[in-house]
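*Asks:* Protein chains in written order, with our numbering: chain L, 1 to 284; chain Y, 1 to 252.
Worth flagging that the hints you see were computed from the coordinates, not collected in a lab. We put the CB at the ideal spot given by N, CA and C, even for glycine. Hints are supplied without guarantee of correctness; some may be wrong.
Unchecked claim - Partial chain L-side listing against chain Y, Cβ under 7 Å, derived:
(1) Leu171
(2) Ala173
(3) Thr186
(4) Pro189
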Amino acid sequence: MSKRELRNLAGKSLVGILCAITAGMLIVFLYGIFSRGIGVLSWEFISQPPRSGMTEGGIFPAIVGTFWLTLLSIAIALPMGILCAIYLYSYGRPLWFVKLVKLAINTLVGIPSIIYGLFGMAVFVNMLSLDVSLISGALTLAILALPLIINAAEEALQGVPKDFTEASIALGAPISKTILRVVLPTAMPNILTGTIISIGRVAGETAPIMFTAATFYSRRLPSSLSHEVMALPYHIFALMTEGSKGSLQAPIAYGSAVVLLLMVLGVSSIAIIIRYRFRRNKQW
Amino acid sequence: MVKAHICTNNLNLWFGDNHVLYDVSMCVFENRITAMIGPSGCGKSSLLRCFNRMNDLIPSARIQGSILLDEEDIYHPKARVTDIRTRVGMVFQKPNPFPKSIFNNVAFGLKIQGKHSKSEIMDRVEKSLKDAWLWDEVKDRLHSSAMSLSGGQQQRLCIARALANGPRVLLLDEPTSALDPQSTAKIEELCLDLKSKVSILIVTHNIAQAGRISDYTAFMYLGELVEFGESSQVFTVPKDSRTEDYLTGVFG
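One chain only, chain Y, in its complex shape (with noise of 0.2 Å):
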């Protein structure tokens, strides 16, 4: 039986008066990747950004339900949103490493922290970047500006940073929609690899790359959680018609 890692409850969301998320109940599973599927505008990326709280920076945004991670509820009045944002990481669709250099980049969320002493963030920042498999291409280069580094790598580089806070979920927005296929298999693999270590959400446009390499698939429209199981289930005999209709190309 695998643990559920992280679960919203009937979750709801607010942008002003536009209703965006309607009664959202699904989880994210230890060490398993799953994916989130659906039309543009469907909600998956809102949703996505309720995970980490990013959508606290929205100040129209008004959320309702829970969302419990190890069953602590993030959302709480009394939850600290920095410590939840170490522990729940993120990875943009746009590579967008800091004008750093390539080790600032991932000793970023370290430093932050303040609470590490150098040697120890040294092992860190080693270990996030083998870890995100870009050691071997840039150990010689640590200290050049990560602007220096192919899309694929500065990605690769956006995943390490995330790792590096040592979190225990990974979000990812689209993390391939702005590469090319080569780079985008490299972090396919890579996610295939990482989920041993961190519990993985992905939001995609790509229905393939969904099938290829996620063990659970969310399907969402029009701010509604339409199908939510085991990809084998979801991708061969889905419940929903219209998941089958998105599936098959009938629309999005």
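Bound-form chain L, shown alone (with noise of 0.2 Å):
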């Protein structure tokens, strides 16, 4: 074997070993939240409240207030994310503003959450007076979302071919219809898929929910915007670090954490079936 061929072994060998690695964190990872929370799945688990001081009973609450928390949030951040990204794609001029617009998003990206916690809680619960509250919890997931979803579909935006937008505005459209009828539907499945990605991130954030709509115990669903909810980072948070009974509630925890991680993958599959489909179709 020559220098140079073993060389060339050298190098395969250590990208394909940390790899590995890689896939194998995950499987560790995994068995890990699984293992120790698998146990605790019932149906009772995901369809009833939680009982006898949190060491009984189930999430149910917890699941239907990440729900409507996710839901809420990207409601709300979506429309706004798709029309900011048009006008960054199209209208946007004088091009320092552009560029001013795309470093506070990137900006965003980056703040730790903890802090868009704090904002949600100075802006939305005290200065607007929404109280702790399922629409608090919202508006600071859904600026959480937001700089997410802007970047997801501006790049979804401009991935759609110039030749489409050649051919519509050579037709006679105008600027206007040929974002709304040409540019905007071809780039749909990407946005939609960088919005469902979005969507993890929401549903698992703890930080910004934590002083903004979260309590750690109601029995009572969330019939009003204006309802404390529960939610299932955030219980999981409490279980571990609230209460009298660790060990009673360590069980449920990692319960939880399975819940949560199943809805999120559950959610990402359905990215990845959208993508696998437009792709197939996609012949350009």
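Reconstruct the complex from the two isolated chains, following the hints.
*Replies:* In structure tokens, the structure reads:
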């Protein structure tokens, strides 16, 4: 074996091993969570509220709370994100303003989520007197999701071939109709997959809802935007840090983690399916 | 005497500081095919894009001189650019149907205008597809994706899409350079058939193609219109030595 072949082999093995380590970590991680949490999973666990000082019963209100928080925040952030992306894509003038907006977006992406939580408390909970509520939490999460969605949407819009825009404009369509009827529909599948990925992020965040929406215990389900809600990530956090019966609470925390993971993985697999179908049909 | 349909008058074009077209004056005649030939980068595509104001999309583009379409200055401040583009259709080098159905591709321009009834759109789509020699091939699958068509069919679909607007002039920007010889031959025949309905201005790299189908030929070189006249004359007794050199393959 020549020196060159040897170097090739060493290089290949190195990257191979590193990839295996990464994949292995995911497996160890999933095993760690599932082995501890799978035992408490039952129909009762996902359909009943907690009982006996959080040591028994289920996590149904937390599932519902996380569902509503996520749905509402995306419902707020998605239209705003798409409109903002359209602005950046097409009408962005002057250039310095666009650059400023992009800088702001990328800065927002990097801000720790606990800061969003404090911001949400200061603005939504206190200043706008929305109190600790579903709507305060959803708005806070929406701000967190917004830059992710804007970036995904703008990338998707930029990815639409210029051939399509030119064809549309050459047929006498104004810019607005070109965007509405050609660019946006073509970019939509990619915008949606980007959005679904940010759903995963939003559903799992604890810090932004800690001060704005979440409550440790609530028997009733949220029936109005002004109610406090239970939420899975906060529930896990609270079970592990509060209460007096740690050993009884821990399995429930792991069970909740499994449910949260399954929810997020479920949503992500929808994204994968959309993307797969889209790529299969895409012929440009 | 043939009627001039669209004429440029001392047209100059800049992209930023780059002077692309120098004092171009030429005409596209009614129901005739005019070919523009010249080496790459000579400005023929940029000139073509002046005729339907596609250069407006380039922020640094600046234009001087005038272009008259049926005696109306298309660069007049009050001219409606979307209106001009429905009267001057364009087909691009690479077939670029929208990722929509065949029907919706052809109906696009009409739907954008928003002033046609459903049955009217249906009729116009059928007529345009027939005019573009595509109807028989697609009439049974109007609602399947345009992306499922072959390259040559896609290009004829793009022609049908442009025809649906009822343009007076059709601009073709190297429409066959991405196609195989058979599809190319079909598009060329189609052009000859179409000239009874629209005036055609075609940019081509293919000198033989220009010779086969055009009534008039414009030879451009380095942003200058070197020679413009009836093809029979330009191809046989060119006035300018540069034209002769290009046609005989000395450069280009």
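*Asks:* Compare the structure with each hint and give your call.
*Replies:* Here's how the hints hold up against the structure:
no.	hint	in the structure
1	Leu171	holds (4 Å)
2	Ala173	holds (5 Å)
3	Thr186	holds (6 Å)
4	Pro189	violated (10 Å)
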